[in-house]
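Colleague: Given next are the chains, with one letter for each unit.
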Amino acid sequence: MAAYTITPTFQRVLHAVKRATLHPRCWLLNFRAQYVTTHDWNEKTFDKILIANRGEIACRVIKTCKKMDIRTVAVHSDVDSSSVHVKMADEAVCVGPAPTSKSYLNMDAIMDAIRQTGAQAVHPGYGFLSENKEFARRLAAEGVTFIGPDTHAIQAMGDKIESKLIAKAARVNTIPGFDGVVKDAEEAVKIARELGYPVMIKASAGGGGKGMRIAWSDDETREGFRFSSQEAASSFGDDRLLIEKYIDNPRHIEIQVLADKHGNALWLNERECSIQRRNQKVVEEAPSTFLDPATRRAMGEQAVSLAKAVQYSSAGTVEFLVDSKKNFYFLEMNTRLQVEHPITECITGLDLVQQMIRIAKGYKLQHKQEDIPINGWAIESRVYAEDPYKSFGLPSIGRLSQYEEPVRLSGVRVDSGIQEGSDISIYYDPMISKLVAYGASRADALKKMEAALDNYVIRGVTHNIPLLREIIVHPRFVAGDISTNFLPEVYPDGFKGHPLSAGDRRELLAAAAALHIAAQLRSQRFLGEQRVSAAAQERRHWELCLELEKSVHMLAVSHSRGTYTVEVDGEKVEVSGEWNLASALLPLSINGSHKVLQCLTRSPAGDISLQYLGTTFKVRVLSVLAASLSKHMPEKLPEDTSSILRSPMPGTVVGVAVKPGDTVAVGQEICVIEAMKMQNSMTAAKTAKVKSVHCKTGETVGEGDLLVELE
Amino acid sequence: MATYTLVRSSRFLAGTVATAVIGSRLLHNSRWYSISHLSVQDRIEEKRRAALVGGGQKRIDAQHKRGKLTARERIDLLMDPESFVEYDMFVEHRCADFGMEADHNKYPGDSVVTGQGRINGRLAYVFSQDFTVFGGSLSGAHAQKICKIMDQAMMVGAPVIGLNDSGGARIQEGVESLAGYADIFLRNVMASGVVPQISLIMGPCAGGAVYSPALTDFTFMVKDTSYLFITGPDVVKSVTNEDVTQEELGGARTHTAVSGVAHRAFENDVDALLNLRNFFNFLPLSNKDPAPVTECHDPSDRLVPGLDTLVPFESTKAYDMLDIIHGIVDERDFFEIMPNYAKNIVVGFARMNGRTVGIVGNQPKVASGCLDINSSVKGARFVRFCDAFNIPIITFVDVPGFLPGTAQEYGGIIRHGAKLLFAFAEATVPKITVITRKAYGGAYDVMSSKHLRGDVNYAWPSAEVAVMGAKGAVQIIFRGKENQAEAEAEYVETFANPFPAAVRGFVDDIIQPSTTRKRICRDLEVLASKKQTNPWKKHANIPL
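Taken in sequence, the protein lines are chains A and B.
Here the first sequence is numbered in numbering that gives the first Met the number 0, starting from 0 and rising by one per residue.
Here the second sequence is numbered in numbering that gives the first Met the number 0, starting from 0 and rising by one per residue.
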């Protein structure tokens, strides 16, 4: 979209048209990008901005800078030197080695980069230095603009205790039973008892869900204290903690605010972020199905009054917990651009990054509260490189051997900072992208999200699309009946993938059989070869034996002109498609309905992995002869996993609690693996003696690496 | 007729020894009568039925119990349905000693099933040893059957596939059996380079028998149920006093990872045979046929953006050569040969725009991708196969040199390294080379360089063609001088880039990695009509 070519006059006309139109929705929906960077060319802005971040958010900021004709400087660690944000930026400066503490958190190096490139302003993105008042202070000292709130607001809102006091004073609803900083585990227990369980323990300095644990007992409080303080120390270099009353089964709804340096502030509606795992957001949407206009207005007004109370400027987010009776309590204010800001951009049409830059330059807000619309519905899925089958997502790493974003679908926006060939490493957040679907209605947006997830090609790393795809079609989610406990409630035994109905099963089997035959037929087509017997190609009918999830099905397949008629369990299924065996996507028409499957692997011995409805299923397709002979094949025993402990993910060993000869009990901690700032305690699966220890503290381990062997 | 039938069925219905003995005596006494009473047609049917069950149901069950299929089941799986045409079903062994002449010791077809058929419509000759008949042992007749199909395969120009499952020589036959082996060996040698020969070891293969697979182009094994060794664990124990199991001595793991005798191993019989069908599609039928071209859905001009960022900036950092290969070839389909042996070189078959190509690549992930004895031999044999069968060779070079050390020198790295050099130099098929990073020293020359008649040689921008790495070079050029670091930087500036080779025309172009597939596909199209011959000679003298 070439919005930057629009002249100011025309822009004003457009604005007028937009406001006058009865259905502004349609106007917006014609655009692929779901926000508008209408830059007023008379408005002088920065010449050069340094983006003190990496990955998708760095790319996101650079995109708007380009539209505003601002030159950009990327900073990067040495392993990121050929990453997308570096390529997109006009200049790039290496600020240190891979570990974030030595690169993206290395203020000295970043200050040097600013001096070296002459950047006039710094956009911090989210995470890293975005809410670091020291960084903001050092920038201010050198006359460099920090694109975000001033030091005072960062400090006030960054401190959980102070922020609540300010919130109370600004007549913002706060969580009852709020208490102070914690010194040790016993004090934590004491406070927890006073509040009454459950309580929540988290790092004072950290935002989001990182370092946050919920305790229901004294023991859990002590354990939570230990983990949270360690995590807080490793992530923020500050091990202060906070304990407060935990509201069970709440929704997490946040209000986006935008404030300028002239005392004006707006609320840009809410984002529903209740779908979380381990207190990290997975699926977000705007608006929320739960809020009525009155509650929305009340929350918005409280958010604005809080922003005004701290003389907030720039974009910020006020997080609330909302209980089932629509009572809402202030949780915290994030003084930065949020990960999930795109959905707000979709429904309001505003470019938040552009607004942040304008505000930082000192301009007044362009909009009034009544200008802020809710146009349509936007849903964001956070696509992570992680294994959703292990506690809803344990990090995975690897090289994206194949990668295609579904950007050609209408109403789909993908914010990413990676491309085919990129490495997902253990050093950084394992997020692959933010996949945003935008539609006129929630149902429309959900439908687009389904298609987007089905058409998203990610190979080389394990990803969480199976989980995302299940969430968005789950009846409770579709009905809007969600809370922050959604995942554990819906999947009490952990996520197990898409449960196949009888109809699904038939479709999947038919697709696998048809794919198998298409591949077989292709393998008989030699070009220009005179010495091929034609007999084989005349075959039109096959009997196949398929194995799926340990059940065996006999299928009859017949073929004519790209259409396969497959008889499965007595029912006929018609499958047709282009049968392009090189494409990662397998768009099929199954009994007339359009389905996009993905074929991940196809072995000569008939093993096919198909991604169907988000989940990957393994199907074995054999001729009846091969299947009948397979019964003679020896069963190869899988290794006994109860006596060996393997790393469930790549990471660093931060502690080994046992040595050979020790006796461990079931559930006893054996070692702790840290990956992507998460500490994971590895416990014994049985009571046994430790036979051998294969890891050392400080060592890097890969997924599946042997850690400890038991006898 | 009645007598005859009774005898046969008593044998198959596991009759007692006594009946069998009586039966055979009866048969002897009344032979000419029974023949005269049995119509020829019935006897044909009878023999065919007998041939189809080999050594009988009991032995078939035992074979199945071992997790193995029978000779015929294997052929059924390997060949297209109803395409197999069997030869010599009526051949019987001719041994007259040790009671072998007895009728119950004769099995129509003897211990091997031979014939021809189709794999995906293309002709192949196959022999499948029948372990249920005398343990698949090789009799004169058995060898003769194999020789017959090999002779015909060479005549018509079609590959020979051997499914080996044999206890060894038919001891009762003595020298006749040994002669049989030699007859097969001779044909293996004569057929070498004429038609592709593939051995799939699906059971024991011991003693002299191992040399037939060893002479063929590819030897595949079935994990846990196949063994290859000159002498078994018992003899090993008595001669060298080593305690070793069959599996350790000659199992699939040993031969695919340690000895390099086998080229690949598969999970079980079914898996192996289905994979063999797939592998067969890569091969031309004979040295007179072009490399096959299959229908290809992968665009030949597809860009591979991931390759632009694959090679790390630090030249000491490893990456996976398979990432390049998978990215470039059709549909990421790469049939790797010897994936677990000499892993510092990667060889295997793939397709480019549908046409079979042989791929050779140094693997920086293992031992920095250096050339050593094992990798040189592995590479050389593969290159020679491709050259013999009109398969273009694509070489990806990232080689820091030959591996130094006494182990290598004493082992004869000079002689073995020369094999790879010889093979590349001698090859007249289209040769395309891509230098992805390091091409140092003699190893640069060896890896299908321009100087060895490389047809198209490319360098990626990350390529460095030099005599050695900067550090070593500087230590020699500026020996004893100070400012080594500065000199090193100068050396890097001068040599650690593709220009020195490019200005001399030793590489034809410096290409963007993402365009590699497109370029190679285009070049292969041009080179398809390449004609090059070596000077007449009886044969060359490769440094064996």
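Calculated from the structure, these hints are not laboratory results.
Please note that the accuracy of each hint is not assured.
Chain B regions said to be covered by chain A (calculated; three or more residues, Cβ under 8 angstroms) [what the hints assert, rightly or not]:
(1) 87 to 95
(2) 142 to 150
(3) 269 to 275
(4) 280 to 288
(5) 423 to 434
(6) 486 to 496
Think about it this way: if two alpha-carbon atoms lie no more than 27 angstroms apart in a straight line, the pair counts; the simulated DSSO-like pairs of lysine-lysine are [to be verified]:
(7) B:K287 to A:K630
(8) A:K101 to A:K86
(9) B:K64 to A:K630
(10) B:K222 to B:K57
(11) B:K222 to A:K635
(12) A:K307 to A:K360
(13) A:K635 to B:K530
Glycine is no exception: its CB is placed at the ideal position from the N, C-alpha and C atoms.
Colleague: Going back to the hint list, which numbers does this structure go against?
Modeller: 1, 2, 5, 6, 7 and 13
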